[in-house]
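Use the sequences and the hints to build the structure in full.
If you want the building blocks of each chain, they are given just below.
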Amino acid sequence: MLKTKKLIKIFRSDEIETTALNNVNLEIAEGEFVAIMGPSGCGKSTLLNILGLLDNPTSGEIYFNDSEVANYSERQRTKLRKANVGFVFQSFNLIDELSVYENVELPLLYLKYSAAERKKKVLEVLEYMQIAHRQKHFPQQLSGGQQQRVAVARAVVTNPKLILADEPTGNLDSVNGEDVMDLLTQLNNQGTTIVMVTHSATDAEKAHRIIQLFDGHIVTESIKRV
Amino acid sequence: MIKSYGICFVILMYTDVLSLGSLKIKLKNKSMKQVNLPLPNVDESEPIDIKVVVGKNIINFKVESFLWEVEDELSEDKDSTAVSLARITRLKKSIQNYDKTWELLQIFAPLENSGSIRVLYRKRN
Ligand SMILES: Nc1ncnc2c1ncn2[C@@H]1O[C@H](COP(=O)(O)OP(=O)(O)OP(=O)(O)O)[C@@H](O)[C@H]1O
Ligand SMILES: [Mg+2]
Numbered sequence: 001m002l003k004t005k006k007l008i009k010i011f012r013s014d015e016i017e018t019t020a021l022n023n024v025n026l027e028i029a030e031g032e033f034v035a036i037m038g039p040s041g042c043g044k045s046t047l048l049n050i051l052g053l054l055d056n057p058t059s060g061e062i063y064f065n066d067s068e069v070a071n072y073s074e075r076q077r078t079k080l081r082k083a084n085v086g087f088v089f090q091s092f093n094l095i096d097e098l099s100v101y102e103n104v105e106l107p108l109l110y111l112k113y114s115a116a117e118r119k120k121k122v123l124e125v126l127e128y129m130q131i132a133h134r135q136k137h138f139p140q141q142l143s144g145g146q147q148q149r150v151a152v153a154r155a156v157v158t159n160p161k162l163i164l165a166d167e168p169t170g171n172l173d174s175v176n177g178e179d180v181m182d183l184l185t186q187l188n189n190q191g192t193t194i195v196m197v198t199h200s201a202t203d204a205e206k207a208h209r210i211i212q213l214f215d216g217h218i219v220t221e222s223i224k225r226v
Numbered sequence: 001m002i003k004s005y006g007i008c009f010v011i012l013m014y015t016d017v018l019s020l021g022s023l024k025i026k027l028k029n030k031s032m033k034q035v036n037l038p039l040p041n042v043d044e045s046e047p048i049d050i051k052v053v054v055g056k057n058i059i060n061f062k063v064e065s066f067l068w069e070v071e072d073e074l075s076e077d078k079d080s081t082a083v084s085l086a087r088i089t090r091l092k093k094s095i096q097n098y099d100k101t102w103e104l105l106q107i108f109a110p111l112e113n114s115g116s117i118r119v120l121y122r123k124r125n
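If you read the sequences in order, they're chains A and B. So that you can map any letter, position 49 of the first sequence is 49 in this note's numbering, and since no number is skipped, the others follow by simple counting. So that you can map any letter, position 67 of the second sequence is 67 in this note's numbering, and since no number is skipped, the others follow by simple counting.
Where hints are given, some of them may not hold.
Chain B regions said to be covered by chain A (calculated; three or more residues, Cβ under 8 Å) [to be verified]:
{"no.": "1", "segment": "17–25"}
{"no.": "2", "segment": "38–48"}
{"no.": "3", "segment": "52–66"}
{"no.": "4", "segment": "84–93"}
Derived by calculation from the structure, the hints in this document are not laboratory data. Positions of the beta carbon are idealized from the N, C-alpha and C atoms, including for glycine.
What follows is the structure, encoded as structure tokens:
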């Protein structure tokens with residue numbers, strides 16, 4: 001489903017040059033659940049952003065369902081992303097001007113669901129994430145954990161083929177974190193491909209494969225004994 | 001959940017199933033998944049053995065310490081890229097050569113200026 005070849009990402013500012021990704025070769029099959037681990041600053045979010053077509057690599061190739069996307073126009077990328085990818089951002093990226101309900105409804109609007117369908121889906125997913133009672137609130141009025149649950153709701157509401165989740169349990173207590181991991185595991189059991197960044201070895205256990213990233217390099221990959 | 005419509009209360013019954021398109025997600029029972037242990041002051045190069053006993057099950061964990069210092073390898077070329085590369089190569093080798101009856105779970109962030117790096121393993125059964 002996803003493949004990268006010799007991915008390199010260099011951030012350049014006036015004085016500093018940071019190599020965030022160095023020669024990353026990666027292949028993720030449809031239906032896989034992959035965890036990416038590694039210390040802070042090793043390039044996990046950078047990799048996820050590039051896999052989700054939100055950022056361009058400095059060099060290297062990315063294949064999405066066998067088509068090389070490096071040369072796609074911005075519009076083509078956006079279309080591909082909205083139709084296929086659910087993203088949980090590390091910093092949530094909720095839209096401050098929209099209510100919780102509207103934030104979760106937004107991806108459904110892009111995909112042209114009817115008003116009735118939207119309402120049903122949004123309420124159901126907010127209920128599951130136990131945040132329905134806050135649906136009229138705005139993101140700034142929520143705690144970090146609550147915002148994270150809204151971000152997860154927004155990522156899954158369209159039932160995307162691929163979910164890219166950047167520390168989806170990072171701000172949650174163990175009970176809420178487990179709900180999110182449970183949701184991701186069940187989505188994966190029913191066919192959704194998942195790539196998750198995590199600092200938690202416990203959460204990584206749910207994945208089929210764990211990729212250890214270090215200073216922009218893949219240091220090792222382990223396949224889970226099933 | 002109780003919704004109020006004027007003076008009449010409607011009680012909506014929610015099942016614990018979420019449907020996303022054709023997918024069905026069920027709420028599950030939960031159990032304790034992890035324990036954090038405070039450690040006494042330990043030598044950074046000393047491996048730490050942890051034995052977890054739950055009823056008749058025994059799970060062995062080990063926190064290994066791999067050498068992280070690369071000064072000896074790098075003669076002249078000591079810029080940060082060369083150091084980082086040498087360290088990664090060394091770490092990769094340590095992991096590759098490690099006893100395969102142990103499964104790698106996590107690489108911990110190295111402490112600043114530390115000569116070693118910590119890696120968590122669990123004994124395969
Ligand atoms: N927009 C940017 N401009 C300049 N440098 C950046 C930018 N984004 C990331 N970096 C740098 O690239 C490196 C990798 O960053 P990244 O956010 O991918 O790390 P991470 O593994 O996700 O860390 P964390 O676990 O703390 O979230 C870091 O050194 C960071 O400072
Ligand atoms: Mg990050």
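If you count the residues of the segment 52–66 of chain B with a beta-carbon closer than 8 Å to a beta-carbon of chain A, do you get 3 or more? violated (count 0)
Just to make sure I understand the rule, a stretch counts as covered if three or more of its residues have a C-beta closer than 8 Å to a C-beta of the chain. Does the segment 17–25 of chain B meet that for chain A? holds (count 8)
According to a criterion of three or more residues whose C-beta lies within less than 8 Å of a C-beta of chain A, is the segment 84–93 of chain B covered? As far as the segment 84–93 of chain B goes, the hint holds, because 5 residues have Cβ atoms under 8 Å from chain A.
Apply the coverage criterion to the segment 38–48 of chain B and chain A: a residue qualifies when its Cβ sits closer than 8 Å to a Cβ of the chain, and three qualifying residues are needed. As far as the segment 38–48 of chain B goes, the hint is violated, because 0 residues have Cβ atoms under 8 Å from chain A.
Comparing the model with each numbered hint stated earlier shows that hints 2 and 3 do not hold.
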